[in-house]
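**Student:** Got chain A; can you put chains B, C and D with the ligands on it based on the hints?
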Amino acid sequence: MDTPLSTSPERRRFNVADFTERFGLVLVWIVMIAGFGILLPGIFLSWMNFSIMFATQSPGAVLALALIIPLTAGDYDLSVGATLTLSAVTVGVLNAVMGLPLGVAVLAALAGGVAVGLVNAFFIVYVRIPSLVVTLGTTSVITGLVQWMTNSSTIGGISPTLVNMVMRGRLFGISYAFYYVIAIALAIWLVFEFTPLGRRILFVGRGREVARLSGIDVGRVRVGCLVASALLSSIGGLVYAGLLGAADPFSGLNFLLPAFAAAYLGATAIIPGRFNPWGAVISVYFLATGITGLTMMGIPLWVTSVFNGAALILAVTVSQFVRGRQETDIG
Amino acid sequence: MDTPLSTSPERRRFNVADFTERFGLVLVWIVMIAGFGILLPGIFLSWMNFSIMFATQSPGAVLALALIIPLTAGDYDLSVGATLTLSAVTVGVLNAVMGLPLGVAVLAALAGGVAVGLVNAFFIVYVRIPSLVVTLGTTSVITGLVQWMTNSSTIGGISPTLVNMVMRGRLFGISYAFYYVIAIALAIWLVFEFTPLGRRILFVGRGREVARLSGIDVGRVRVGCLVASALLSSIGGLVYAGLLGAADPFSGLNFLLPAFAAAYLGATAIIPGRFNPWGAVISVYFLATGITGLTMMGIPLWVTSVFNGAALILAVTVSQFVRGRQETDIG
Amino acid sequence: HADPVAEGLARATQIVEEHRAVPTFQAPGESFDIRAVAAGKKMLSIPNTSSNQFLKGIIRREIEVGKEIGLEVREWENQGQPNQWVQGIEYAIANDFDIVDLISGVNPAVIEPQLEAAKAAGVQVFTSHFYDPSQEANPLLAGDLPFSFYGQGWIMGNWAIHKTEGAANVIVVKSDEVPPTEPLVRGIRDAFEQNCPNCTILTEINVGITEWGTKIQPAVQAALLSNPTANYVFPIYDSMSQFVVPAVELTGRGEMVKIATGNGTPFVLDFIREGRVEMDVGESLDWVARATIDGYMRKLAGLEMPEELAVPLYIFDETNIETAGTPAEANKGYGDEYVAGFHENWQLK
Amino acid sequence: MSVPALRVSGIAKTFGGARALKGISFEVAAGEVHGLLGQNGCGKSTFVKVLAGFHAPDPGGTIEVFGKPLPFPMPPGAFRDYRMAFVHQHLGLVPTLTVLENLRVASITARRARVNWREERAAARATFARFGVSLDLNARTGSLSQTDQALLAIMRAAEDLRGADGPGLLILDEPTPFLPKEGVDRLFALVRQVVGHGDSVIFISHDIDEVREITDRATILRDGLVSGTLTTKGSSHDDFVEGIIGRRIARSVTAPAVTRGRTLARVTGVAEPGLDIPALEVAEGEILGLTGLLGSGYERVPYLMFGAREATVGDLHMGGKTTPLRSMTPKAAIAQKMALLPSDRPGASGVPGLKVRDNMLLLELDDFMGRFGLNLRAMGRRASALSAEYEVRPANPDMRLGQLSGGNAQKVLLAKWMIRNPDLLLLDEPTQGVDVGTRQQIYRVIRDAAARGAGVICASSDAEQLADLCTRVLIFSRGRIAVELTGQDITKDSIAEACYGHSTLDVA
Ligand SMILES: Nc1ncnc2c1ncn2[C@@H]1O[C@H](COP(=O)(O)OP(=O)(O)OP(=O)(O)O)[C@@H](O)[C@H]1O
Ligand SMILES: Nc1ncnc2c1ncn2[C@@H]1O[C@H](COP(=O)(O)OP(=O)(O)OP(=O)(O)O)[C@@H](O)[C@H]1O
Ligand SMILES: [Mg+2]
Ligand SMILES: [Mg+2]
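So the sequence lines, in the order shown, correspond to chains A, B, C and D. Per our numbering, the very first residue in the first sequence carries number 8; after that it's consecutive. Per our numbering, the very first residue in the second sequence carries number 8; after that it's consecutive. Per our numbering, the very first residue in the third sequence carries number 42; after that it's consecutive. Per our numbering, the very first residue in the fourth sequence carries number 444; after that it's consecutive.
The following block holds chain A by itself, in its conformation from the complex:
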């Protein structure tokens, strides 16, 4: 009886298209490294170069990681950049200007992040305003508050302990900052892949009503994700402050677009079609490698902007052709 209708059996075989899709970005990255290695002998392919790049890009990487959490749950959080700045200047003001102990300043910065997340969540989840609108608004509000707190000036003199914990302290020649990124990515990966919570977030992002009728507290999951992204952003702010040894009231927003780019680019790699932490981290370093290489070759900086944009579009294009130009589920 019952003829099998379609005949795709379950397979766990090696699949070239699948592999290309998952590791395409990594392969392109390796090719690019090799290319720059040949063009810049002795300079590019040094441990030093990579260790520096890994450390320098860590605030951006943390931000990209922060972003993918609400993105997975179906919400945009544009306020991550502003929250990063808020956290950095909170540490600056409390520790350097008001002389409070570093620990207190750090806690206050993290608490500020949580507060931003809760405010976002209140308007998005309770009042039901689109997340893009709310986080656009909070970005503007936070930017104003930061200007007020810092008088629009960079705040120097942050405790060297923070700098030691982020930049000066090294393991295998790489600043601790990088390991924080890895630790955060690992944590997100474990939660996304190996916990029920991760699956719930995914369902909330892809089918709110389905999730609700399956007994998932959709509101709570969304609130949690928004708070998590704000908290991670404020950790990003700590990393940024530790890296500079100062708190800069302006740069946070500049990290925003690259972080979005990395989050989306990352969704084409490792676990294609889903926002995923390893993809995001690899994307950040992929883009940074290109820019570092170009800069070392003495190419003017405007080229790096073009590279950034073109690499994003082309990488996603390639991944789209591998998938046969299906409409993606993300975005």
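For the record, the hints were derived by calculation from the structure and aren't laboratory data. It should be emphasised that the depicted structure is a prediction, and the values quoted were computed from it without experimental measurement. Don't take every hint at face value.
Not everything, but these chain A residues come out facing chain D in the computed CB check (under 8 Å) [to be verified]:
#1 S58
#2 G214
#3 V217
#4 G222
#5 N261
Backbone N, C-alpha and C fix where the C-beta goes; we use that ideal spot for every residue, glycine too.
**Tutor:** This is chains B, C and D with the ligands only, laid out in the frame that chain A set:
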């Protein structure tokens, strides 16, 4: 037999909640104007003040209008800010630096806008990459190209004809720039409300698959909307260049977030729940009124950022409570 | 005797020593009764952006000086967007201001139509601390008080010559979009050309102001790695140094590569105290404010406007950094003799 | 003989690697109602979408409509030039737009200079008048009940056809699952009217009685191929069943319980707009059917009990606990071992973009927590086993739910709830869009649950299904329970009669 199946009758009566929802933003605007009029006697409530505001905000208003077109069709276009800049500097480089006639420069600028729109459309519609990703990428590419074209410097000396046509020429004391905004808004409104094309766009934005099953050429509509938004952005660039008499390679991106804010805020007014041109224009001038008033009162800068964000969130919140906190259709 | 290296080093050292001495006041012109000119006049100061503390500091002091002499000074708060500057000038025209002060940053080329409108309406638009004396001021301006950015670069160049004893290899970080950059970099180049045959500018990194936060650090790191002989980085505007400092530290070249910069921004002075930056060429904001108002009032009085904003440049390094205060303040360390000097020159009291 | 309305030859369609249609050929005569039947996933909807120009078929095949060959790929909207009109399986309405906009989409998006809103409105009212329906033209379509939405889509297609000059072809892809008997009758009257005009109709349904009632001939698809064409008059119910699933099946009826079980759950004091239920209870082992005419409100009951829709008053008594309905949430319901299978499959029941295994095991995640988090391997094994147990085809849990046909997706989602062994199973149209073979499998699952002692509440507009499945049926009228049928009294006819009997009584 034929029992009436559902029994909600059509109504065309005056409805207070409905009216509040549609004109709430306008009312708040009027109250705000009155407030500043009292606080700043003789200065704020002058025709001059408003005519200046109407003119100086016109590039932002054009950008907000450009945005609502692809937003209605369900695509984000983040590249409008960069396209505005591109158009302004194209006119600057061709007319002021290379000495080509203004007409040629303007045509080239508009052609550049169309080209950006087509590139966006190619990747979004044909390759099927999420619009957010593509336009993030083209923003970065255009930013690089603009820096290359201008050597990152402001270009002065654009033909006074352009300045006359945008800023110096006045009607009822208001620069022509304002009337361009009104003309564009009117055109969009007519298309959105009174033409089949407008409904096609709406169907495409609200239900792509359904639109296709209903015989709408979804691809073509989306391409058209993306090209229209890029073209309008480049018109915004011309207005901007005409207002300044110069081309500034950096400001375009600053208009982006406010334009998004205005587009979303506008979707709470006039035709609530839909992106609409009058709502967008009113929102631009509403936010500008607040900032102008605060500036004139000598309130520190940071307050204006807070005002911008808070006004956006609060206005949308009020509109949400009027609607009983339903999930909105947009976003 | 004909050792060009040693001679150049000697000249450089002398230039450095001159600017290490606490500055002295020199009258910008003949004495005049400033109150008589200023009484009842209104001036609108438009900074490049109100978030720039350097400019805001100047304007705050302009307001105070204005109170002393009867000039009403207001700031036009803005976020650095040219259409806000346009709005500011239109506001000044509409509200009968006498002077618009484009203080250090608003490029007149960006708002020419408004300059014409202002001229037609009898509002005098001045710039101060924007052009270098070698640059042509926009003809639509009522007057201009240029500042020697060239001199700032000149001092930075000579500082490196002096410190390396004639073997400076410098990475310059700049922003070409603002007009002061060109004379400033020319000053550095001239210093090396005239006083140091062996010194080189290894590379010039051009970063747009809006991209400082994301691009300076990686670009400087890449430059340091590809130029192992570098021993100085010049972030020509000292606010850049917050991104240069970690770049130097991360590359592990802190011992060898020093940072010299200019503007006297307080947090950078703090960096000097912490040993992360070596030198900063500063100028007194209050002095700039007074010299600016002095120049404008002279013009209003029908007197000759000074050819240059007579504000001295002063070197901060580890030897004198304590005079700037802990934490550093924007206006400390320059002495206060000039205040009395202006008072006397202006016939106050 | 006249030109056939539709001549299909060698049409194939491949999705990725899977061949949904493997080259089908058949003809629809002019003026006939032609059934298109087959198991879930045999390619019916795919064929409809090829016809509409939504999918381009694989090269090779041809389709002629009234003698004119269709160009492939078809330009959007070209189906109108060939005088075809569609009611798609998921209706093809945009929920966030108004009724007017959805109804008049063809006209208001046509290539014209401007929309004449007054005319559109008048045309819409005329349509409503013709069908004896009255909907608020300004209402958001998504706020209509599923039934009203189905009517809207049907009216739209009928209007499309009226506008065409010359004979047309109306394609109805499962228009009936949301329609109560009364709506089906009205639809059939419409179909006859259309055919009377000389138009042809393709009718897709899993309800064999409906097919036998309305069609002249029927083409049966199996596994992407045409397995045969039947002439309705000469074929019995069993002939159809055999054609569709390749074997005969006996109609199965739930054996009535010997003794009524203990009361499992009781709802009291429900009073919502259009719904008024003083008390309703379900016993252990009971399969309670809810039905009624359009607008009678029966289908809201499962959602109210589950906390899926906001309620104002009323209580749920279950397991010795009394919970006010207004404080009921799906989460609390699940904790009380309730389960709800909604009728809106892609919107409320499962996520089409996620894998079958994720959808299937969503409720069970906590059981797969090993020492190192979720045991993915065990989850894979469980999903495969469940796919096999519930006969999901293809049995590949790594496929996305949206890639499965409707019936197979429904089995996955039933499995999702059944693995929790719910005490109270709430179903809304559990076999909508499910073929006759699969329907039996779903019945079996439901009966097994009841035999285990669970209570089942099944809201359905399908009288035959209720007759086969339920041990007790409540017929609603205007929001109240009007008739209760038990035991031998439950037949397809008695249910229909009760529905109408009450409506005429009420109206009178
Ligand atoms: N877009 C698609 N991508 C991949 N596979 C698809 C797609 N659409 C349909 N299929 C597959 O094609 C086959 C036929 O599906 P189709 O929807 O035509 O079935 P059907 O006969 O309408 O079934 P049902 O009675 O359940 O509606 C199924 O195996 C389905 O999984
Ligand atoms: N989300 C909603 N927002 C607003 N109104 C709604 C919403 N959902 C349902 N309604 C309205 O509530 C009423 C009841 O809806 P429901 O779908 O339960 O229909 P019903 O009473 O069972 O009738 P039918 O038999 O026609 O389906 C309908 O008039 C419908 O328009
Ligand atoms: Mg189907
Ligand atoms: Mg119904």
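**Student:** Are the hints correct? Go through all of them and say.
**Tutor:** These are the hints, each one checked on the structure:
{"no.": "1", "hint": "S58", "verdict": "violated (31 Å)"}
{"no.": "2", "hint": "G214", "verdict": "holds (4 Å)"}
{"no.": "3", "hint": "V217", "verdict": "holds (5 Å)"}
{"no.": "4", "hint": "G222", "verdict": "holds (4 Å)"}
{"no.": "5", "hint": "N261", "verdict": "violated (33 Å)"}
Figure legend: structure checked against the earlier numbered hints; hints not met, in rising order: 1, 5.
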